[in-house]
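Participant: Chain by chain, the residues run as shown.
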Amino acid sequence: MPKIFYFILLIVSFNLVRLLKESPPFFLLVILFVFALMVQVKYFEKLTFSIRRDFEKHHLGKSDFRKRLVLGLIFFIAVFVVRKAGGVGWLFGSFDEATLLFFSLLGLLILLQTSSLTSALLAVAAISYTAFFIIYKFDKTGEIFASLTFFLFTWASLQALREKLLADQAKKSSAFDI
Amino acid sequence: MNLSEFTKPIAVFFYEIIKFLCWLLPIIFFSYLSLSFLLYFLFPDFPIDFSAKTILSLTSDDLALILIILFFLTILGIYFRYRENKIKINFMRFDSKSEVVVALVTSFFFSTFLVKSLFVLKNFEFIPIVIFTFIIFLFLPHLISFYSSVDLSFFKKNLNLSEEKNTFINEIKNYLKSLVKILKIIIVKLVWLSLSVFIILLFASILKNFLSVDQLKMAAFLLLILFIFLIIKFTLVYQAKFLAYQRKLKNNLIELIQFFYNLSAFLWRLIKKTVMGFTIISLFAIIVIVVITFLTRELNKYANYQRRLRENITIILIDPSVTTLAQKVSLKGYNFGWRVNKRDRLVSDNGPVVVDEWKEEEIIFTVPLHWKERSTNLWIERIKDDMPEKKLLKSNTISLKILSRWDFFPAEAELKRKDPFSYLMRAVKKIRRTLFLKKPYFP
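Line by line, the protein sequences give chains A and B. Read in order, the letters of the first sequence are residues 1 to 178 in full-length UniProt numbering. Read in order, the letters of the second sequence are residues 1 to 443 in full-length UniProt numbering.
Calculated directly from the structure, the hints in this document are not laboratory data. The reader is advised that the hints may include incorrect statements.
[Claimed, not checked] Covered stretches of chain B, as calculated for chain A (at least 3 residues, CB under 8 angstroms):
1) 26-39
2) 42-52
3) 111-118
4) 143-151
5) 288-294
[Unchecked claim] Using 20 angstroms as the maximum straight-line C-alpha spacing, the simulated SDA-like pairs for lysine to any residue come out as follows:
6) A:LYS84 <-> B:PRO47
7) A:LYS57 <-> B:ASP95
8) B:LYS88 <-> A:ARG66
9) A:LYS140 <-> B:TYR40
10) B:LYS430 <-> B:GLN327
11) A:LYS84 <-> B:GLN306
12) A:LYS62 <-> B:TYR305
13) A:LYS137 <-> B:LEU39
14) A:LYS84 <-> B:GLN327
Bear in mind that the values here come from a model prediction, so they are computed numbers and not experimental data. We put the beta carbon where it would ideally sit given N, CA and C, even for glycine.
Could you put together the complete structure from these sequences and hints?
Facilitator: Here it is, written out as structure tokens:
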């Protein structure tokens, strides 16, 4: 049933593309269309699985998750309000909007202990939106998503490097124990 | 009814509303703010006018004030929960290094924001920033644990009948068992009796055919047989058993009546409590929704008003608002712009005013000597060059009260006089100057 629903949604989206161009519903439709595509390729299942695995790995319970989510949101707000007041100029002075957005989400990424796989999956979502926003000439939004993709992939690479180093360290220490 | 018995539930009800609002208002505001920021920065091609005109148009000062109010609400909520032993106060409680780092950065950002928005002495900002960072860092774990869990004990208490319900469920089970037992006995006995009556009737019918007696006699005979049979059966054969069953049945019936009485009483209490619970919760929800709607509406209205002020030519302050002739007056506001067009002017009820200084947010002029001593309206007129037909833009009107110069300053003759009355009058005028013109000395 959901498959049929998404299939219909995709067809409708494709057909409405030409009719609704340069109107607000078209923008929403692009968002929904990419969302539906990601559902079709079971993207969200993989993302959920990856997030769950991260939680299990770091022994995060439901209450821990809620607390970290709240702290992440407070951090997110703090970044924007301090920038609005013109504070911390040495940091935010050189930030463009996409960098600021990534920086505000960084707190959440750190707190929820996302692995390199989760970050890479998020980057995949961002790159899909980048592609479609640029195709349909939403340049500013496309640029924001392109920068987010870059930042998320960089973050994923750094995390992968860190994970590898930690794994090597663990191997060495276990060999030393033997 | 005792007055305290009546007022106590009402007090508890309003206490619960305040407690719930202490949690809900910050949550709603933070969610609204973060969602507005996220959508604004993530989808610049799709601006949402509503949030851009309301919450995002708030100035840093207003936002800082709102955050401070919400912080105090949160502290109040934490205090309520602490008093009910539902939260533990334990400063510096973080579970991991990442939490410490993020909390520290968040505290620093918030303190910087508050100091930048509200602190006047710009050269000494770092001192309050450090102090506020420390204070926010101490409170942050409690704020997080407070926001991440909601206290719904009041709702549960109003709808929960678990203990009484369990007792009654067990009772219902027992009574149902005994009811089934009684029904079983009654059915078995009725079947047996019917069978006996059928056998007797069959026997009588055979006898009637055999003896060929008339119908009336036969009926009397049959009734007699039936009566004798019943007497024999119930008095001789089943007397003891019948009495035992009768006793049991009677007991069971009494129990059954009692059970139905208890059940109906319980159901009445259940309905009453459920209705009461739902009424209280509905009232609770209605009050909460009304408060939130009112606050949101007022906040949006205020933000929208502030935005309109900043977008139009607006005079927000005149300093001093009471003055005399030949005194300097300053008008403060938004969008006064550069005076590029000769027709851009400051106008009063007495005609155009000669301006000493014209800046984006301030205009300074001297009150002309020909103005009359009365209240005078002032406004700004500007020609908008980039608009069709060079449209004239007008600001709002502000009133300036002009009093006699000699109400504030001594006349030359008065200065020459050296009598005590003259000194007294000069002192009074000096006080007036201090109060109204805020200039106690001669210019």
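Participant: Determine for every hint whether it applies to the structure shown.
Facilitator: Taking the hints in turn, this is what the structure says about them:
no. : hint                  : verdict
1   : 26-39                 : holds (count 6)
2   : 42-52                 : holds (count 5)
3   : 111-118               : holds (count 5)
4   : 143-151               : holds (count 6)
5   : 288-294               : violated (count 0)
6   : A:LYS84 <-> B:PRO47   : 18 angstroms, holds
7   : A:LYS57 <-> B:ASP95   : 16 angstroms, holds
8   : B:LYS88 <-> A:ARG66   : 18 angstroms, holds
9   : A:LYS140 <-> B:TYR40  : 12 angstroms, holds
10  : B:LYS430 <-> B:GLN327 : 15 angstroms, holds
11  : A:LYS84 <-> B:GLN306  : 16 angstroms, holds
12  : A:LYS62 <-> B:TYR305  : 42 angstroms, violated
13  : A:LYS137 <-> B:LEU39  : 18 angstroms, holds
14  : A:LYS84 <-> B:GLN327  : 38 angstroms, violated
This entry does not satisfy hints 5, 12 and 14, going by the numbered hints stated previously.
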